[in-house]
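There are 2 protein chains.
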Amino acid sequence: MQKPFTLSVKVVIRDAEGRCLLLRRAQSSKGNPGKWEFPGGKVGTGEEFEQVVQREVSEETDLTICLQRALGTAQADLPTRKVVYLILEADLESGPEPREVLLSGEHDGFAWLYPHELLTVDLVRHFIPFVRRYAQGEV
Amino acid sequence: MQKPFTLSVKVVIRDAEGRCLLLRRAQSSKGNPGKWEFPGGKVGTGEEFEQVVQREVSEETDLTICLQRALGTAQADLPTRKVVYLILEADLESGPEPREVLLSGEHDGFAWLYPHELLTVDLVRHFIPFVRRYAQGEV
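These protein sequence lines are chains A and B, in that order.
The numbering of the first sequence is the working numbering, which starts it at 233 and goes up by one.
The numbering of the second sequence is the working numbering, which starts it at 233 and goes up by one.
One chain only, chain A, in its complex shape:
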C-alpha cells in the first residue's frame, strides 16, 4: 500500500531590500522543534491554495503579501504519508513601513535574511535542497 500524498504550500516572503523571512519552529513543535522554515501550511480538502497561503501567512506572521511566482518544490517522507511542498515567492504588500512580524504560538523566532544567508541557519532538513538552489540564484 502506497503512502498518501498531502500538499503544503510555503512562501518565501521578500521585503523591499530582497531579504527573505524565516520562522523558527517552537520548542513545543511535534516535528523539527527549533528548526527554521518558511511560513505556510497544509492545503486541506476544499481549500484554494492561494487562500491557504494568505491565511497561513496572516496567522503565522500578521503580514499581508502579494504572490509573485512559483519557485520550486520540496518533499518530506513521513512514516504515514509523503508531504509535497509547493514553494512560492511573494512580496510584502505595499503600505506603511515598518512591517512588524507578529508570531503565533507555532514559532518562537523570525529573521529576515538575504538569500545567500539562508543556509547559515538550522533549516528544516527537507527544505535544504531547495534553499541551496534559491541561494545560488538558480530559481
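Just so you know, the hints here were simulated from the structure itself, not pulled from any lab data.
From a predicted model like this one, the values you see are computed outputs, not experimental measurements.
Careful, some of the hints might be misleading.
Copies of one chain are not kept apart here, so a pair can be met inside one copy or by any two copies together.
Claimed, not checked - Computed list of lysine-lysine pairs in DSSO-like fashion (alpha-carbon distance at most 27 Å, straight line):
1. LYS274 / LYS235
2. LYS314 / LYS274
3. LYS262 / LYS235
4. LYS235 / LYS314
Starting from the structure of chain A, add chain B where the hints point.
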C-alpha cells in the same frame, strides 16, 4: 488588482525503461494546439491534488500510476490569471504489459521519450525551463 492564481498538477509518467509520456494537444484546443505537454489538470476547489492526478491521468491516458515524488514547478501568465503547475513524477503501476495509451479528445498524439529526448518536440512553452532541468538530470 492582482490576477488570481490557480493550481494545476502535471505528472511525468515513466515506463520500465525510464521513458516519459508526452501528449500532444489536439488541434481543436483553445490554448497551445499541437504542442506537447504532460498529463494532468487543474485542481478545483474541494479536490485533493493526488485524486486529481489519478483522475486526469486515467481520463487522458487510461493508465494507472504510482506517484513517486515532486519534481518542480512551472508557471503560465494568462490574461486573466496565473497558473502554477506542480510537476510530479510517477511510475506505471505494475501489471501486465504492454500498456496501451488511450487518448481522450483533448489530445491527438502521444510519445514515450527518454529524458534527453524531451526537448526535441514542440513543447508547450511554459514547461521548457522545467524540462531543460529534468533532461539534464538536475531534478
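Structure-based check of all given hints:
1. LYS274 / LYS235: So LYS274 and LYS235 pass the 27 Å test inside a copy (17 Å) and across (23 Å) alike.
2. LYS314 / LYS274: So LYS314 and LYS274 pass the 27 Å test inside a copy (12 Å) and across (21 Å) alike.
3. LYS262 / LYS235: within (20 Å within a copy, 36 Å between copies)
4. LYS235 / LYS314: The answer is within: 6 Å in one copy meets 27 Å, while 31 Å across copies does not.
In this structure, none of the earlier numbered hints is contradicted; all agree with it.
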